[in-house]
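S.K.: Here is what each chain is made of, one letter per residue.
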Amino acid sequence: MDKIFWAFVIGGLICVIGQIMMDVFALTPAHTMSTLVVAGAILGGLGLYEPLIKFAGAGASVPISSFGNSLLKGAFTELEKDGPIGIFTGIFELTSSGVSSAIIFGFMASLIFKPKG
Amino acid sequence: MGKKLTPEQQNYKDFSKKREPKRPVFKNCIKAFVVGGLICVLGQIFQAIYIKHFGFTEKTAASPTSATLIIISVLLTGLGVYDKIAQWAGAGTAVPITGFANTMASAAIEHRSEGYVLGVGGNMFKISGPVIVFGVFSAFVISIIKVIFNFFGG
Amino acid sequence: MVKGNQSFIFNAGIFILSTSTVVGPFEGKGPLSGDFDIIHDDIWMNQDSFEKAEKIMLEEAALRTIEKAGIKKEEINLFISGDLLSQIISSNFAARTIGSPYIGIYSACSGSMESLLLAALIMEGNDIPYILTGTSSHNASAEKQFRYPTEYGSQKPPTAQWTVTGAGTCLLTKMFQGPKITSATIGKIVDMGVCDPFNMGSAMAPAAADTLYTHFQDLGITPDYYDIIATGDLGNVGHKICKDLLKDKGLEMPDNIFTDCGMLIYGDNQNVQAGGSGCACSAVVTFGHFLNRMNRKEIKRILVVATGALHSPLSYQQKESIPGIAHGVAIEM
Numbered sequence: 001m002d003k004i005f006w007a008f009v010i011g012g013l014i015c016v017i018g019q020i021m022m023d024v025f026a027l028t029p030a031h032t033m034s035t036l037v038v039a040g041a042i043l044g045g046l047g048l049y050e051p052l053i054k055f056a057g058a059g060a061s062v063p064i065s066s067f068g069n070s071l072l073k074g075a076f077t078e079l080e081k082d083g084p085i086g087i088f089t090g091i092f093e094l095t096s097s098g099v100s101s102a103i104i105f106g107f108m109a110s111l112i113f114k115p116k117g
Numbered sequence: 001m002g003k004k005l006t007p008e009q010q011n012y013k014d015f016s017k018k019r020e021p022k023r024p025v026f027k028n029c030i031k032a033f034v035v036g037g038l039i040c041v042l043g044q045i046f047q048a049i050y051i052k053h054f055g056f057t058e059k060t061a062a063s064p065t066s067a068t069l070i071i072i073s074v075l076l077t078g079l080g081v082y083d084k085i086a087q088w089a090g091a092g093t094a095v096p097i098t099g100f101a102n103t104m105a106s107a108a109i110e111h112r113s114e115g116y117v118l119g120v121g122g123n124m125f126k127i128s129g130p131v132i133v134f135g136v137f138s139a140f141v142i143s144i145i146k147v148i149f150n151f152f153g154g
Numbered sequence: 001m002v003k004g005n006q007s008f009i010f011n012a013g014i015f016i017l018s019t020s021t022v023v024g025p026f027e028g029k030g031p032l033s034g035d036f037d038i039i040h041d042d043i044w045m046n047q048d049s050f051e052k053a054e055k056i057m058l059e060e061a062a063l064r065t066i067e068k069a070g071i072k073k074e075e076i077n078l079f080i081s082g083d084l085l086s087q088i089i090s091s092n093f094a095a096r097t098i099g100s101p102y103i104g105i106y107s108a109c110s111g112s113m114e115s116l117l118l119a120a121l122i123m124e125g126n127d128i129p130y131i132l133t134g135t136s137s138h139n140a141s142a143e144k145q146f147r148y149p150t151e152y153g154s155q156k157p158p159t160a161q162w163t164v165t166g167a168g169t170c171l172l173t174k175m176f177q178g179p180k181i182t183s184a185t186i187g188k189i190v191d192m193g194v195c196d197p198f199n200m201g202s203a204m205a206p207a208a209a210d211t212l213y214t215h216f217q218d219l220g221i222t223p224d225y226y227d228i229i230a231t232g233d234l235g236n237v238g239h240k241i242c243k244d245l246l247k248d249k250g251l252e253m254p255d256n257i258f259t260d261c262g263m264l265i266y267g268d269n270q271n272v273q274a275g276g277s278g279c280a281c282s283a284v285v286t287f288g289h290f291l292n293r294m295n296r297k298e299i300k301r302i303l304v305v306a307t308g309a310l311h312s313p314l315s316y317q318q319k320e321s322i323p324g325i326a327h328g329v330a331i332e333m
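Residue numbers (our numbering), protein chains in the order written: chain F, 1 to 117; chain E, 1 to 154; chain Y, 1 to 333.
To be clear, the hints were calculated from the coordinates, so they are not data collected in a lab.
Keep in mind that this is a model prediction, so the values were computed, not measured.
Think of the CB as a built atom: it goes at the ideal place given N, C-alpha and C, for glycine as much as any other residue.
Take these hints with a grain of salt, some might be off.
[Said to hold, decoys possible] DSSO-like, lysine-lysine: derived pairs with alpha carbons at most 30 Å apart:
1) E:LYS27 - Y:LYS156
2) E:LYS13 - Y:LYS240
3) Y:LYS249 - E:LYS13
4) E:LYS17 - E:LYS59
5) Y:LYS247 - E:LYS17
6) E:LYS84 - F:LYS116
7) E:LYS13 - Y:LYS188
8) Y:LYS240 - Y:LYS188
9) E:LYS59 - F:LYS54
10) E:LYS52 - F:LYS3
11) Y:LYS319 - Y:LYS240
12) E:LYS126 - Y:LYS319
13) E:LYS4 - E:LYS59
14) Y:LYS3 - Y:LYS29
15) Y:LYS52 - E:LYS13
16) Y:LYS247 - F:LYS116
17) Y:LYS188 - E:LYS4
18) Y:LYS3 - Y:LYS247
19) Y:LYS188 - E:LYS18
20) Y:LYS174 - Y:LYS3
21) E:LYS22 - Y:LYS180
22) E:LYS4 - Y:LYS240
23) E:LYS22 - Y:LYS240
24) E:LYS4 - E:LYS126
25) Y:LYS29 - F:LYS116
26) E:LYS84 - Y:LYS319
[Said to hold, decoys possible] Some chain F residues close to chain Y (C-beta under 8 Å, calculated; not the full set):
27) ALA39
28) PRO115
29) LYS116
30) GLY117
[Said to hold, decoys possible] Calculated from the model, a selection of chain F residues having no Cβ within reach of chain E, i.e. all distances over 10 Å:
31) LEU48
32) PRO51
33) PHE55
34) LYS81
35) ASP82
Isolated chain F, as found in the complex (with noise of 0.2 Å):
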């Protein structure tokens, strides 16, 4: 299948790129994280994420790159539909499934579980 492939390659090269990050360029995991997600925002800018996206699928849309594309994805669409103001309705609309899981499922973690340590 054609479109595992690409996804196993483009993501594990998106990690790549994390990994030497922080192991080159001695970067914490925040600023890696946080280079990746803008670095997604500017490529989603200049409409170059979404084809990655269209090419690789998950392997494009899994990494936390592809947060910064959506919350530009979601401030364009908006910006396009309602001028200026659109731009902060709608930077979370396609991020708050994924925001509000991660909350959600988070707190419910702590409801469960202990740390191990």
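Based on the hints, put chains E and Y in the right spot on chain F.
M.R.: Chains E and Y only, in chain F's frame:
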């Protein structure tokens, strides 16, 4: 790393670097590639399942797919397994959305001892905060650039 | 009596009456497990936070030391203690339980020897029957405070170290014959611009080298005077750097004498990157393992130079480097 080093300190830096084990960059990249790739493949499979069996479209399948990966990541974090995998996989587990979920879940679980409001609620975004702040702000800046671009007839 | 630039020689006859060591399960699986008094099954120790568990360990070690000495806790004249947590809360709460006059100290992982030398200094010129010293650390509470939540998936580099979960206490008196505190060297801050909290061995090695060199200069002796010279928690990275730094200064540290508590406490099968660290590292290895060997007459003279990285989570974020310090205490039979 932001401070300027004196010549003596720079000498020490060179001296100690020779005696420190180097991070196995190449090995780490291979491991990150494989694990990161596999997590994305897992995402691809979930997406296909949601489209085929649950009536989602390519567009709408993104939400349940990311939610599924987040739940798995939270479970593995809670079971104390995620950090062991991550020590091996490095960016392979940190870069996919699983890493984001792990930052929230691990902080939430850790700070339960300080109560649900101040502990869990107050600390959940400790590590993921920067991602959200910079993601949102960069989306904002790029959108403003687009507005200006459009205004000048771009 | 002051000797040289930074050292003291103790003439009043200050002896170690008893010690006690408490550790967590991971340390209990290590090569020195036979030397520890209490090994806990899990890191929670029936408490509902890691911080409370650390307090429990220090209390247990303190009370067990007092019990071994055959005295009551009301007879303790002074308790000197420190740990890694903000405001040294483990020590504060342990002091509350003991109830004696209390001096809290902070020098990160060099706390074991700083508290010991302070106790010796106070006892030297004064008529104080019993001084109890102690220190503790807990892997999870230290990670939570200084680095990341324990379940967070960050990849530790090979220079990282593992904070020991444990507590070690020591009771000093003049009314005894046994292991004697003979000298001590108070360290100075040495900051070589290392900024990486995952590379503390490298940050602390210059301070250890400085204190060791000063000790031998001040006392006018050579390393072979001692059977064991142990740094606190340089780990295998920092230890090698320290050895080479001393070699450059003309001081050869023989391999069969010069060791490090962080390298001894965990086995090769326990994946701890560069080795153990934390206040409890030097404390439990010294008060458990080394003193047991001294009591069995296997060794007669040891010098323990505990090392500390004196940064804070905030200083690191403000791009400050990590200042190191090392305090040395010599114990002889």
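S.K.: Would you mind marking each hint as holding or not holding in the structure?
M.R.: Now the hints, each set against the structure:
1. E:LYS27 - Y:LYS156: holds, 14 Å
2. E:LYS13 - Y:LYS240: Judged against 30 Å, a Cα distance of about 14 Å means the pair holds.
3. Y:LYS249 - E:LYS13: Distance of about 17 Å is within 30 Å: holds.
4. E:LYS17 - E:LYS59: violated, 49 Å
5. Y:LYS247 - E:LYS17: Holds, at roughly 17 Å.
6. E:LYS84 - F:LYS116: OK: LYS84 of chain E and LYS116 of chain F at ~11 Å, within 30 Å.
7. E:LYS13 - Y:LYS188: Roughly 20 Å between the alpha carbons, so the hint for LYS13 of chain E and LYS188 of chain Y holds.
8. Y:LYS240 - Y:LYS188: With Cα atoms ~21 Å apart, LYS240 of chain Y and LYS188 of chain Y stay inside 30 Å; holds.
9. E:LYS59 - F:LYS54: Satisfied, since the Cα-Cα distance of roughly 11 Å is no more than 30 Å.
10. E:LYS52 - F:LYS3: This hinted pair holds, its Cα atoms lying about 15 Å apart.
11. Y:LYS319 - Y:LYS240: Given that 30 Å is the threshold and the Cα spacing comes to 26 Å, the pair holds.
12. E:LYS126 - Y:LYS319: Distance ~19 Å between LYS126 of chain E and LYS319 of chain Y Cα, so the pair holds.
13. E:LYS4 - E:LYS59: Violated: LYS4 of chain E and LYS59 of chain E sit about 50 Å apart, past 30 Å.
14. Y:LYS3 - Y:LYS29: violated, 41 Å
15. Y:LYS52 - E:LYS13: violated, 38 Å
16. Y:LYS247 - F:LYS116: violated, 42 Å
17. Y:LYS188 - E:LYS4: Holds, because 22 Å separates the two Cα atoms, which is no more than 30 Å.
18. Y:LYS3 - Y:LYS247: holds, 24 Å
19. Y:LYS188 - E:LYS18: Measuring from Cα to Cα gives roughly 25 Å; hence the hint holds.
20. Y:LYS174 - Y:LYS3: Holds: LYS174 of chain Y and LYS3 of chain Y sit about 21 Å apart, inside 30 Å.
21. E:LYS22 - Y:LYS180: violated, 42 Å
22. E:LYS4 - Y:LYS240: holds, 26 Å
23. E:LYS22 - Y:LYS240: Status holds; Cα separation ~15 Å.
24. E:LYS4 - E:LYS126: holds, 29 Å
25. Y:LYS29 - F:LYS116: Holds, at about 17 Å.
26. E:LYS84 - Y:LYS319: holds, 29 Å
27. ALA39: Violated. Min distance 21 Å.
28. PRO115: holds, 5 Å
29. LYS116: holds, 7 Å
30. GLY117: Nearest chain Y Cβ about 4 Å off; hint holds.
31. LEU48: holds, 12 Å
32. PRO51: Per Cβ check, PRO51 of chain F is outside 10 Å of chain E; nearest 14 Å; holds.
33. PHE55: Given a closest Cβ separation of 12 Å, the condition holds.
34. LYS81: Label holds. Min Cβ-Cβ 13 Å, cutoff 10 Å.
35. ASP82: holds, 12 Å
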